[in-house]
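A.B. asks: Sequence:
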Amino acid sequence: MKSYHADKDGFYGSFGGAFIPEMLYPNVAGLKSRYLEIIESPGFQKEFRNLLRHYVGRPTPLYYAGRLSEKYGCRIYLKREDLCHTGAHKVNNTIGQILLAQKLGKKRIIAETGAGQHGVATATVCALMGLPCIVYMGEVDIARQAPNVARMKLLGAEVRAALSGSRTLKDVTNEAIRDWINNPEDTHYIIGSVVGPHPYPDMVARFQSVISEEIQAQLRELEGRDAPDYVIACVGGGSNAAGAYYHYLDREEVGIIAVEAAGRGIHSGESAATSALGRTGIIHGSKTLLMQTDDGQITEPYSISAGLDYPGIGPMHAHLYTSGRGEFHSITDEEAMEAGRELAALEGIIPAIETSHAFAVLKNRPFRPEDILVFNLSGRGDKDLQTYIDFFDL
1 MKSYHADKDG FYGSFGGAFI PEMLYPNVAG LKSRYLEIIE SPGFQKEFRN
51 LLRHYVGRPT PLYYAGRLSE KYGCRIYLKR EDLCHTGAHK VNNTIGQILL
101 AQKLGKKRII AETGAGQHGV ATATVCALMG LPCIVYMGEV DIARQAPNVA
151 RMKLLGAEVR AALSGSRTLK DVTNEAIRDW INNPEDTHYI IGSVVGPHPY
201 PDMVARFQSV ISEEIQAQLR ELEGRDAPDY VIACVGGGSN AAGAYYHYLD
251 REEVGIIAVE AAGRGIHSGE SAATSALGRT GIIHGSKTLL MQTDDGQITE
301 PYSISAGLDY PGIGPMHAHL YTSGRGEFHS ITDEEAMEAG RELAALEGII
351 PAIETSHAFA VLKNRPFRPE DILVFNLSGR GDKDLQTYID FFDL
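For the sequence shown, our numbering gives the first residue as 1, with consecutive numbering after it.
One thing to keep in mind: the hints can contain errors.
Below, a list of computed lysine to any residue pairs in the SDA-like style, where the Cα atoms sit at most 25 Å apart [what the hints assert, rightly or not]:
#1 107 - 180
#2 153 - 382
#3 8 - 104
#4 363 - 8
It is worth saying that the hints were derived from the structure and are not from the lab. Remember, it's a predicted structure, so these values are computed and weren't measured experimentally.
All chains, please: the whole structure from these sequences, using the hints.
C.D. replies: Pasting the structure below:
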């Protein structure tokens, strides 16, 4: 049977793998050789599940959005990852990786962050475990995500600004990789999305797969079936989407819908719509779809949402797109902001702007009255209030 999961070498179809400089090889090879043995062990799983339940607050609810369902003429459920400790799905992965780092004997943690949610989640677990934490964040994102920067510092993390390039997520990842190369013995790099060299895309997807695992059980209780007709999520690098899709990847009766950031328009020159604009290339150690010039230089992405302005997508999502397994949509800043405001007005939930992109699909695509949709509500909008205020002149 065809599978959309990673193979033993970390490839999703032709995408993935580990395309890395020689200086990074020991770090990645050491991780690759041990991650499955560690994370699949009963002791690890017991500790991981215990923290997810008692610290993160899982399982998160699967909420039937009655007013939204009535407006769009289908059955809409929201997987409430915004109710996780720290306000987003990111903590599922950082809990797993901090436990893995301890098993590997690492004493120092580094991370990259765009919107700041992964940085906060990393700083949180480092505080929990008493490990020093350095978070790399772009100068642009530091300015537009000031509340998350303050949270990281309050949690004891050092926030280092990336001053090169677009000063956003792409450049931050470069800085973190340089740090890891220079500190291979004692440092673990907690990558926040399903990007980077193998084993990261597979490992992060496994930690986030608790989302779709819970959706199955919750739908069985609520609807008498364990699968929706469609599972829908926003995609930048794509960890929240990977977690929501994971247990449905090989069940082709379940529609997979991925929503990217078109910024000011797909062809405006200010976009992050990788599926529409990308070509095969290598970024941060992984072969995937990538926005690039004709001579292979990475194109600067743009989105109003700090977590979606990445010039590539994770290899899982590149394979879902090129194989036709996933249905991809590109949503502009304006469409996303209006969808976020609509969710707030109809359901009393202010979503992160990243998540708002997913909800904009409802205006762009019809569904049948009997269709069951599960949206991964990946983060809450607290961090984005100033952007909402400025955009709507509140």
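A.B. asks: Regarding the pair residue 8 and residue 104, is the alpha-carbon distance no greater than 25 Å?
C.D. replies: Holds. Residue 8 to residue 104 sits at ~21 Å (cutoff 25 Å).
A.B. asks: Residue 363 and residue 8: Cα distance at most 25 Å?
C.D. replies: The hint is violated at about 40 Å.
A.B. asks: Is the hinted pair residue 107 and residue 180 satisfied, with a Cα-Cα distance of at most 25 Å?
C.D. replies: Within the cut-off at roughly 13 Å; holds.
A.B. asks: Check whether the Cα positions of residue 153 and residue 382 lie no farther apart than 25 Å.
C.D. replies: 17 Å, holds
Violated hints amount to a single one, hint 4; each of the other numbered hints is respected by the structure.
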